[in-house]
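Using the sequences and the hints given, assemble the complete structure.
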Amino acid sequence: MATATFRIWRGDAQGGRLQDYATEVSEGMVVLDAVHQIQATSANDLAVRWNCKAGKCGSCSAEVNGSPRLMCMTRLNQLDLSQPVTIEPMRAFPPIRDLVTDVSWNFKAKKSIKRFKPRPPDAADGTWRVAQVDVERVQEFRKCIECFLCQDVCHVLRDHQMFDDFIGPRHLVYAAALEMHPLDTEQRARDLKRAHGVGFCNITKCCTKVCPESITITDNAIIPLKERVIDQLYDPVAKLFRMFRS
Amino acid sequence: MDYQTHEHDVLVIGAGGAGLRAAIEASAAGVSVGLVCKSLLGKAHTVMAEGGIAAALANVDDRDNWKVHFADTMRGGQYVNNWRMAELHAKEAPDRVRELEAWGAVFDRTKDGRILQRNFGGHRYPRLAHVGDRTGLELIRTLQDHGIHQGIDVHMECTIIQLLKDGDRVVGAFGYERERGRFKLFKAKAVVLATGGIGRAYKITSNSWEYTGDGHTLAYDAGAELVDMEFVQFHPTGMIWPPSVQGILVTEAVRGEGGVLKNKEGRRFMFDEIPDNYRAQTADNEEEGWRYTQGDKAARRPPELLTRDHVSRCIVREIKAGRGSPHGGVFLDISWIKARVPNGADHIKKKLPSMYHQFKQLADIDITQEPMEVGPTTHYIMGGVRVDADTQMSTVPGLFAAGECAAGINGANRLGGNSLSDIIVFGKRAGEYAAQYAKTQAGANIDTRQADQAARRALEPFERSTSGEGPYQVQYALQDMMQDLVGIVRNENEMQRALVGLAPLRERANRVGVGGHREYNPGWHAALDLHNLLTVSEAITRSALERRESRGGHFRDDYPTKDARFGTINFVVRKGRDGQMEVFSVAIPEMPAELKQVIDEMQ
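Residue numbers (our numbering), protein chains in the order written: chain A, 1 to 246; chain B, 1 to 603.
None of these hints come from the bench; they were simulated from the model.
Treat the hints loosely; a few may be bogus.
[Said to hold, decoys possible] Covered stretches of chain B, as calculated for chain A (at least 3 residues, CB under 8 angstroms):
#, stretch
1, 41-54
2, 145-154
3, 207-214
4, 373-380
5, 464-475
6, 517-523
Because the structure is a prediction, the values reported are computed rather than measured.
C-beta atoms are modelled at their ideal positions from N, C-alpha and C, and glycine is treated no differently.
Right, dumping it as structure tokens:
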């Protein structure tokens with residue numbers, strides 16, 4: 001059986017370093033399998049988050065050879081095993097230990113988005129009537145598994161650390177899913193502009209490239225939200241109308 | 001000992017669908033709620049449920065109603081279900097699904113704009129509300145996004161290792177948080193267990209590392225009764241190749257959409273054996289089966305959509321007879337439907353998007369072009385904490401359970417789609433009644449000695465350090481043994497060997513050592529989970545030994561048929577006064593005349 005070397009970041013908030021582990025590789029293995037094998041044999045305390053191991057829960061996000069990936073969906077046969085495979089934690093978030101980062105900010109950011117507020121039911125039995133074509137746009141956004149790889153790669157968060165001013169692609173997708181929900185009646189444009197900082201996104205589309213669910217984040221979610229903000233807050237006629245009303 | 005203390009009226013342990021739904025309900029009832037998640041919020045195994053939520057909405061077939069759903073659930077469970085739970089479940093599931101929509105869930109739609117429903121094994125009519133093949137994600141995300149605005153205190157990446165008692169009553173819980181490894185003590189007036197299953201007791205499983213029978217064991221150790229532990233569901237279609245993906249689930253929706261099972265000779269072997277109690281509802285030719293999957297109300301279901309226990313056994317039969325696929329499974333083919341539907345490949349990708357990606361990415365297989373190789377995988381346990389049907393309270397006051405870690409609704413075999421409905425129906429009930437109970441309770445005494453003792457025990461693996469055996473080796477040995485000796489096909493001799501084998505494994509578990517420190521140390525966590533895995537493994541084995549017949553998920557080749565004498569009893573497991581596990585049978589209460597009549601009508 002072939003052996004490959006995995007260069008894994010070990011450390012915590014105080015710092016750390018890359019450490020090499022050699023392990024046997026077999027057909028079909030993914031990066032997470034290699035990490036588990038190393039954990040079971042030579043490094044019991046190697047910290048890693050994972051759950052479903054099928055690309056559905058979004059727990060095992062990391063940077064494999066520098067690119068943000070789900071470890072459970074990254075096959076070893078896609079990597080050059082003649083070189084050590086580097087596995088590092090997501091760099092946009094504070095490290096906790098080894099491959100585990102502190103993603104708690106994401107849960108707080110999400111809470112700041114106004115919740116779903118449906119229109120009154122369409123039918124007497126309390127149900128709604130919605131056509132399939134009208135839900136498909138939102139269903140794309142609801143595929144999100146909250147792996148936060150888009151947040152990891154977004155330069156506004158990663159390089160500029162603007163966690164107080166910008167909610168990041170994940171939460172803009174979430175806001176888009178609410179805003180474009182056929183039943184929703186809530187207004188979020190003002191929040192999107194101010195608290196959520198939709199304007200900071202300058203459409204480099206890095207988030208779209210790394211999304212394991214292939215959500216077209218920038219084109220389908222963020223740009224329409226930017227348009228909404230402009231329509232609702234910068235339309236001169238509407239502005240005049242608002243002035244008169246107030 | 002040093003630990004953080006938290007106080008809640010209701011503490012919910014587990015944050016999958018059942019736990020979230022319980023927390024939402026309890027908090028809506030006006031009590032303070034703490035929600036403990038073993039992982040991050042929203043990552044629980046509920047996300048793996050693919051096919052849908054079973055609820056008799058009758059949106060697609062107006063012949064459906066709660067009675068048919070009830071009768072289907074009882075038939076699937078081979079009539080050893082808690083009939084009251086099956087009744088409540090069938091009656092309340094439609095409201096719970098509609099409620100999800102009101103909270104923002106976006107289901108696939110019918111042509112007239114209502115929630116679309118699909119066919120699934122054992123359900124007479126198209127009954128599963130769904131979102132492609134990622135319904136579980138939709139459910140958990142909807143509950144999560146609703147729940148975060150309810151004022152629930154969420155404790156993420158926290159594992160409970162012991163329940164705390166004041167006399168007979170459960171008054172709190174003790175555990176550790178993963179990040180720093182600190183201990184946490186929770187005071188609570190009521191505790192709801194919603195910890196899911198036990199899949200990690202087996203080698204081949206669709207379950208993640210979390211599913212180590214925590215709730216089952218916490219309840220057992222606190223003196224509660226477990227019931228139906230012999231009934232483990234082996235899902236017929238798990239991935240089998242490459243080895244690293246072995247066990248990952250392949251949704252039943254593949255068969256619901258027209259996928260067929262074939263052996264290496266190309267034969268649709270599911271037609272070879274159709275159980276008597278399903279004969280009248282099952283197609284006897286391929287054409288009729290295909291028409292059923294395409295919504296023809298006059299057609300009967302194809303045999304691929306028989307119950308999971310039966311399909312799993314048929315697959316094992318083919319493999320053992322040497323008619324399996326190259327990697328030791330059978331073939332599941334959805335690509336053939338291209339001959340029947342326009343734009344077949346796109347149709348498949350649209351109906352089964354995550355299956356398409358799963359096989360493409362993990363196995364280099366394009367399911368629109370070639371068959372998948374599949375085999376049974378440990379998926380679900382029907383057994384669990386014995387609860388009151390209406391309130392979900394266990395036999396210990398103040399302790400409630402809901403979802404997979406509770407038992408009763410599924411009897412000997414769970415129908416696909418009934419778990420997502422189970423968790424929202426009984427999650428709600430558990431939350432409601434736990435809140436009600438909490439309101440009647442005054443402060444309790446927390447005996448810190450119980451917590452100190454648990455903390456000391458939890459730290460023992462560090463004292464042995466790496467001089468002890470590693471925890472993973474013990475876990476693997478247990479998984480291998482349970483897979484081989486208490487798996488899909490069981491018998492007295494093998495199970496006795498398993499029982500004997502458990503003792504030395506427990507010895508080894510008591511001697512494991514872990515290196516490093518307490519901060520986010522998976523080796524330590526694995527060491528602490530061993531007690532739970534061993535406890536549920538013993539409960540499964542002992543119960544399975546007692547049930548000297550074959551029924552539902554429990555199949556014995558030394559008693560290969562159903563025996564009416566066992567059709568009126570459940571087996572209960574309890575910790576005896578001497579600390580040893582006791583198993584005894586209890587009679588199933590007689591079903592009221594009106595429910596009997598429902599079952600007779602639906603024959």
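(message) Under the constraints set out in the numbered hints, which ones does this structure not fulfil?
(response) Violated hint (a single one): 4; every other hint is consistent with the structure.
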